[in-house]
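Note that our numbering has the sequence shown beginning at -16, numbered continuously upward.
Keep in mind the hints are simulated off the structure, nothing from the lab. Hints may be right or wrong, so weigh each one.
[Claimed, not checked] Result set (DSBU-like, lysine-lysine): computed pairs, CA atoms no more than 35 Å apart in a straight line: (1) LYS71 <-> LYS115; (2) LYS224 <-> LYS119; (3) LYS61 <-> LYS119.
[Said to hold, decoys possible] Label pairs and their calculated CB-CB ranges: (4) GLY36 <-> LYS160: 31 to 37 Å; (5) LYS283 <-> ASN143: 53 to 59 Å; (6) GLU189 <-> ARG108: 54 to 60 Å.
Where is the CB? At the ideal position from N, CA and C, for every residue including glycine.
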Amino acid sequence: MKMLAFLSSIVAGIVTYMTVLLPFLAAAIIIYMIKKGRYKKTEYYIQTKNPYGKMRRNKGQQGEFYTYKNLRPLKGYKRFLFNCYLPKEDGETTEVDVILLHESGIYVFESKNYSGWIFGTETQRYWMQTFKNGSKEYFLNPVIQNRGHLKWLRAFLEGNTIPFYSYIVFGDHCILKDITLVSNQHYIVHLCDILNSVRRNAARAERQISAEQIDSLYEKLYPLTQVRKAVKRAHIKNIQKKKQRADLSTNKIRKKMVRINKKRCPCCGGRLVLRTATRGERQGRRFMGCSNYPECRYIKNME
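Could you build the full structure based on these sequences and the hints that come with them?
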């Protein structure tokens, strides 16, 4: 009898719990279905066919979609293109995340839906992403990346004189800690600021393209967004090869610095550090110097 009473209390508790939980679960499902329905009506889905659930899980696709979503209120005649595979002269392709054809010009967006702190300069080949736990990740300089996109887009459009604008869009969960630009040819913004930034640029540029020109450019570029799966697989394979080479290069640099830091000064036992001569006949050349300088002036030329 006690066991029966115990089981009855468990069943009653489960029923009570489900009675409370079901309305919230039903509301969550309804909200999800409404958002999914709206998503399927967007230009992004119609063009990419990326399922709603996959888009929400994939940071890259999520960044592309929200770049598009934040730019939809932009006034003026406009059309969007997503995942545009531009041909390169070596037979490979380069993929542009988002292209906006607008009255004020052609906007090329490279989406980086990252978190953490971001460090980098316009000329560095790799930028750094750091996290709260102290770990670091390196990624290809997005300015260099988008510069390549602009180059091949111009080549495909055969030297079109329409103004081009380069935008690097970072997610709102990251902090652009130390970013240095020198050319004034690129915009680096958070996702939440992208609309205002493009609005300001469009107001300065005024109208540069007619609606007919925009439609003509769209028709020319659209087929590059609908490439065969074989083209996409080849593109991903090339990216993976380049990443492996980049990772190998980064690991070599790290190992070299570890070996250097382990070396000790033969005069005083201090740690030897890598330095660069700033003056004299050897200006610009690297050498090993004692960390106890100026008390210890031991140096060893890298040659």
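Structure-based check of all given hints:
no.	hint	in the structure
1	LYS71 <-> LYS115	39 Å, violated
2	LYS224 <-> LYS119	21 Å, holds
3	LYS61 <-> LYS119	39 Å, violated
4	GLY36 <-> LYS160: 31 to 37 Å	33 Å, holds
5	LYS283 <-> ASN143: 53 to 59 Å	55 Å, holds
6	GLU189 <-> ARG108: 54 to 60 Å	36 Å, violated
Taken one by one, the earlier hints fail for this structure at numbers 1, 3 and 6, listed in ascending order.
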